[in-house]
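*Asks:* In case you want the letters, here they are:
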Amino acid sequence: MLAAAVEAKREPLMQLEAINTGRTINEMGGDLDDTGVFLEYWAEMAEKLDDKQGEQLDAPSGYEITMRYDAAGVAACVLPFNWPLVNVVLKLGPALAAGCCVLLKPSEYTPLTTLAFAKVVQEINFPAGVINVVTGLGSTCGAGLITHPGISVVGFTGSVSTGCRIARDAQEGDHAKHIFAEMGGKSAAIVLDDVGGLTHTR
Amino acid sequence: MALPATVGELSAALGVDGKLTALFYGNEFHPATGASVGVVSPMTGETLCQSGGASDDDVGAAVDVSSPAHCPDACIGVSFFASF
Numbered sequence: 001m002l003a004a005a006v007e008a009k010r011e012p013l014m015q016l017e018a019i020n021t022g023r024t025i026n027e028m029g030g031d032l033d034d035t036g037v038f039l040e041y042w043a044e045m046a047e048k049l050d051d052k053q054g055e056q057l058d059a060p061s062g063y064e065i066t067m068r069y070d071a072a073g074v075a076a077c078v079l080p081f082n083w084p085l086v087n088v089v090l091k092l093g094p095a096l097a098a099g100c101c102v103l104l105k106p107s108e109y110t111p112l113t114t115l116a117f118a119k120v121v122q123e124i125n126f127p128a129g130v131i132n133v134v135t136g137l138g139s140t141c142g143a144g145l146i147t148h149p150g151i152s153v154v155g156f157t158g159s160v161s162t163g164c165r166i167a168r169d170a171q172e173g174d175h176a177k178h179i180f181a182e183m184g185g186k187s188a189a190i191v192l193d194d195v196g197g198l199t200h201t202r
Numbered sequence: 001m002a003l004p005a006t007v008g009e010l011s012a013a014l015g016v017d018g019k020l021t022a023l024f025y026g027n028e029f030h031p032a033t034g035a036s037v038g039v040v041s042p043m044t045g046e047t048l049c050q051s052g053g054a055s056d057d058d059v060g061a062a063v064d065v066s067s068p069a070h071c072p073d074a075c076i077g078v079s080f081f082a083s084f
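Top to bottom, those sequences are chains A and B. Counting from 1, position 197 in the first sequence corresponds to residue 197 in the numbering used here; the numbering is continuous, with no gaps. Counting from 1, position 10 in the second sequence corresponds to residue 10 in the numbering used here; the numbering is continuous, with no gaps.
Worth flagging that the hints you see were computed from the coordinates, not collected in a lab. Note that CB positions come from ideal geometry on N, CA and C, so glycine has one too. Watch out, some of these pointers could steer you wrong.
[Said to hold, decoys possible] Where chain B lies over chain A, by a calculated footprint (3+ residues, C-beta under 8 Å): (1) 9-15; (2) 19-27; (3) 109-118.
Just chain B, same shape as in the assembly (with noise of 0.2 Å):
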């Protein structure tokens, strides 16, 4: 097993560079308005990167998303979401 590598190189291995401060929803990547908090390595102390501080705004953008997507007349399960 090769020791871990950086937060940078893993991010680029996941196709998520750029993305550790982004919200997801609507299956796109969007950059949180609030605040950014720092992701800390509890190995070391110091800061890994910065993640996305979500604020009202975009957490309401993230429902409203969300719900329309919502299965609308008692289709539950593996019927609904076939690709699960």
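The shape of chain A in the complex, shown without the other chains (with noise of 0.2 Å):
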């Protein structure tokens, strides 16, 4: 359902898309692709989890070992600039799937289809509070977000020291919290001289 409705705005997602990263309009059909197959793949492991609620597991004689899976709580999810629709699937799929609200903090550089996600969210009238947008400077927005006592898990992509600092400082007030963190994959890229119109880019 949620799928369905993305991919009905892909073309002007894949616009709006192209015009905040910078990338090529080209590529945002994979990155549309790759939305909605990760939506419909968690919401199938959604489904693979429920199945082993209750499992009963190897237990000496005379004992029973029953598996309870319980939500972590609510999940905050600060996302990277690069690809960012499908990193708002990426980090809602399995926090979903595992029962968990999440509130999504998109780069301040790139959260536009991030925000347009969240109407595709409202429109299908999705469960109030479940899947949350807020937006900002990671300073101020995303520091509020990682140490409300309120979270109970932390998922994160970007930078090696911002990852650092948030495994750090989300647990401040000896509030423990579940952390995730996927760091680094910077890579360098090399611009001659020859090479015109990039300012930008220096």
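Reconstruct the complex from the two isolated chains, following the hints.
*Replies:* This is the structure in structure tokens:
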């Protein structure tokens, strides 16, 4: 349902993502494909997780061990600038599949398609409060979000320095949290002198 | 493939006209109360639009609406998020 609603806005989402990220419009078709595929994948994973609920494990004679999976709590998802919409889904999918409500915090550089995604969520009447978006700088919005005692899980993709700071700061005040940090991946790009018209990349 | 339209045209097409400066929680858009942040085109350096700066109060309000929506009792996965 969510995947189909996103797909229905494919063209304007592709164009908005291209404008905001500076990536080519031709790449965006692949991004929108990924977005739909991952939403459906995680919906399927949600059902598989349901199937595991109440599983009986090997136990000593006279004992019984039952696996019970509880949702961890509200998940804060701090997202990078490079694949904004795909990363929304990569973070949100597993969190929802595990029963966690999410607060998405897109990069301050690329918030536009995340807000457009929020509009889709609103239009299909997704349960209120399950998918939420807050925007702003990392130093204000991001810091306030990850340190909030109501947050139980923090998922992050971005730089090593920010990831380490999040892992350290999120548990301020002894509020224990699950931290997932995907860090690094900065690739060098060499721009030669004879390339014109790229003043903003230097 | 048509050339990209403007942010204004696309936000109208996507139904987010006037909402790019907003925050989204509790299935509603809310104005941000912190300082707004310019969204800059990496291609041209021009400011495309403003986005909302969430204050601590805004973040708190968003956490507050997500917490009660949170599954209360062991109902994981798709059984809870039926519309997922």
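*Asks:* State for each hint whether it applies.
*Replies:* Against the structure, the hints:
1. Here's how the region 9-15 of chain A fares: 4 of its residues keep a CB closer than 8 Å to some CB of chain B, so the rule of at least three is met and the hint holds.
2. Given as covered by chain B, the region 19-27 of chain A passes the check, having 6 residues with a CB less than 8 Å from a CB of that chain where 3 are the minimum.
3. With 7 residues carrying a beta carbon less than 8 Å from a beta carbon of chain B, the region 109-118 of chain A meets the three-residue requirement, and the given coverage holds.
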